[in-house]
Amino acid sequence: MSRALPLCVIGGGLVGLRHARIAHSSPAVDLTAVVEVDPVRREEIAASGLPVAADMAGVPARTEAAVIAVPTRDHFACSLEAISKSWALLVEKPIAGTVGEADRLIGVAEEAGLPLFTGHHRRCHRLIAGFKKRLPSIGLPVAVQGLWSLRKHDDYFDIPWRMRSGGGPLMINLSHDLEMLIYLLGPIASVDARSACIARGGSMEDTAALIMAFECGALGSYLLSDAGASPWSFESATGENPTLGYSGEDCMVVIGDRGALGFPSGVLWEAAAGESPDWRNSLVRDRGRSAMTGRSDFDPLAEQISRFVRALEGQEVDLCSGAQGRDALAATLACVLSAQQGRTIALTGVPPHYDGS
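Numbering (the working numbering), first residue to last: 277 to 633.
Hints are supplied without guarantee of correctness; some may be wrong.
As the list claims (entries may be wrong) - Result set (EDC-like, lysine to aspartate or glutamate): computed pairs, CA atoms no more than 20 Å apart in a straight line:
1) Lys-408 <-> Asp-533
2) Lys-408 <-> Asp-575
3) Lys-409 <-> Glu-579
4) Lys-361 <-> Glu-320
5) Lys-409 <-> Glu-589
6) Lys-408 <-> Asp-331
7) Lys-409 <-> Asp-554
8) Lys-361 <-> Glu-386
9) Lys-408 <-> Glu-592
As the list claims (entries may be wrong) - The following label-pair restraints were derived from C-beta to C-beta distances:
10) Ala-547 <-> Lys-409: 40 to 50 Å
11) Glu-525 <-> Lys-428: 44 to 54 Å
12) Ala-419 <-> Gly-477: 28 to 38 Å
13) Gly-524 <-> Ala-405: 17 to 27 Å
Derived from the structure by calculation, the hints contain no laboratory data. Glycine included, each C-beta is placed from N, C-alpha and C at the ideal position.
Just need the whole structure built from these sequences, with the hints factored in.
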C-alpha cells in the first residue's frame, strides 16, 4: 500500500456509520466524508469525530472511491452520481432496486472504466472461506439446507416502512444468504417460495420457505423467519454482529455424494477409511480445522473494506462484483415474486422493473 485511499461513505444510517467507523480506523483508508442529508443526523455524526458533508458536492475533491449505504430505493441514483465524479464504488446490498437498474448501473460503470463491487460481505468471512475450501471433501454437491430464524424485537417495527411491502425477511434478510449460496454452489436457476403472515398479521410476511434449483443440478431448501425465536442463523452461528445474540449452532449443511459438511462448525460426515459412503456403512464425524470453537471477533465488513482497497490497487481479491450482486438481487426478487404468485420463477423471468412490490 503506497498511500491511504481517499474514500467517502454515502449515507449515515446504521450500516453507513459502521462502514465509516471501519474506514476511519483503517490506516489503508483516508475517510474524506460521511454524506448525510438529514441535518440532525449529520450533527450527531460530526460530534462523533467523523468528517461530514450534506451532499456529494460537498465531498473533498481528493476523493477517489465511495461506499453507497443509502436506502435501497436511492442506490441507483446515488451510484450514478458517484460514477459521474469518477469514484470507484462499493454499493451496499442490494446493488439496486430492480434488475433493470442493476444492469444499467453495471453498464454505466463499465463504460466509465470504474470498478463496481457489491457489499455482500459474507464471502469475506474467514469461516466461509474455510468452508468453501473444504467443500470438495463431500464430492458432488447434491443438496443444501439452510435456516435463518431470528425474532426481531417489537420496537424494530415502529418504523412504518418495515411493516410495508419490502420490509419483511424476504427482501431484508434473504439476499445475504442467497449470495452466500451462489458463492458456494454457483448460479441459481429457479426458485419456488411460499410466505406467511402468521405472527404479526397484516400483509407483510414474517416467515417464508424456499426451494431452489441450482444450475449445477443441486437442489436447496431454506426456511427464514423474523418472528421465530431460534439459535439458527448466520449471525447467531458466527457471532458476526455483536449487537445480536450468539449460539454457535450450525445454520446450514451442504450434502454431497461422498459426505456432508456443516456450517460454521466445519463438521464433516464421511465414510471411514476404506469404506463406501453408501447407506450400509455408518459415516464418521470429523471436526475440521475450520471448525468454530467460540464466538468470532472477525469483522467481515472490515475485511471487505480492506479487499476493496486492494482491488483498487490492482490486486486480485475475492469480492462480490457488480454482476454477482445483480445475480443475488435477481434471486431475491424471484423468491418474492414466487411467494406472491405461488409458482416457480426462473431467474431469467424476473421482470426488469419489478421491485418486489
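Going down the list of hints, with the structure as the test:
Annotation: proposed proximity of Lys-408 to Asp-533 holds, straight-line Cα distance about 16 Å (limit 20 Å). Simply put, Lys-408 and Asp-575 have alpha-carbon atoms about 18 Å apart, close enough for the 20 Å limit, and the pair holds. Between Lys-409 and Glu-579 the CA atoms are separated by roughly 18 Å; this keeps the pair inside 20 Å, and the hint holds. Distance restraint check for Lys-361 and Glu-320: the Cα-Cα separation of roughly 27 Å exceeds the 20 Å cut-off, and the hinted pair is therefore not satisfied.
In summary, the hint linking Lys-409 to Glu-589 is not supported, as the alpha carbons are separated by about 26 Å, beyond the 20 Å threshold. With a C-alpha separation of about 40 Å, the suggested pairing of Lys-408 with Asp-331 is violated against the 20 Å cut-off. At roughly 24 Å between alpha-carbon atoms, Lys-409 and Asp-554 are farther apart than 20 Å, so this suggested pair is violated. For the proposed pair Lys-361 and Glu-386, the alpha carbon gap of about 14 Å is at most 20 Å, so the pair holds.
Only pairs whose Cα atoms come within 20 Å are accepted, and Lys-408 paired with Glu-592 is accepted, the gap being roughly 18 Å. Look at Ala-547 against Lys-409: about 20 Å separates their beta carbons, and that is not inside 40 to 50 Å. Range check, Glu-525 to Lys-428: about 19 Å between beta-carbon atoms, so the 44 to 54 Å window is missed. In this structure, Ala-419 and Gly-477 meet the distance hint of 28 to 38 Å, their C-beta atoms being roughly 34 Å apart.
The given range of 17 to 27 Å is respected by Gly-524 and Ala-405, whose C-beta atoms sit roughly 18 Å from each other.
In summary, the structure is inconsistent with hints 4, 5, 6, 7, 10 and 11 from the numbered list given earlier, while agreeing with the others.
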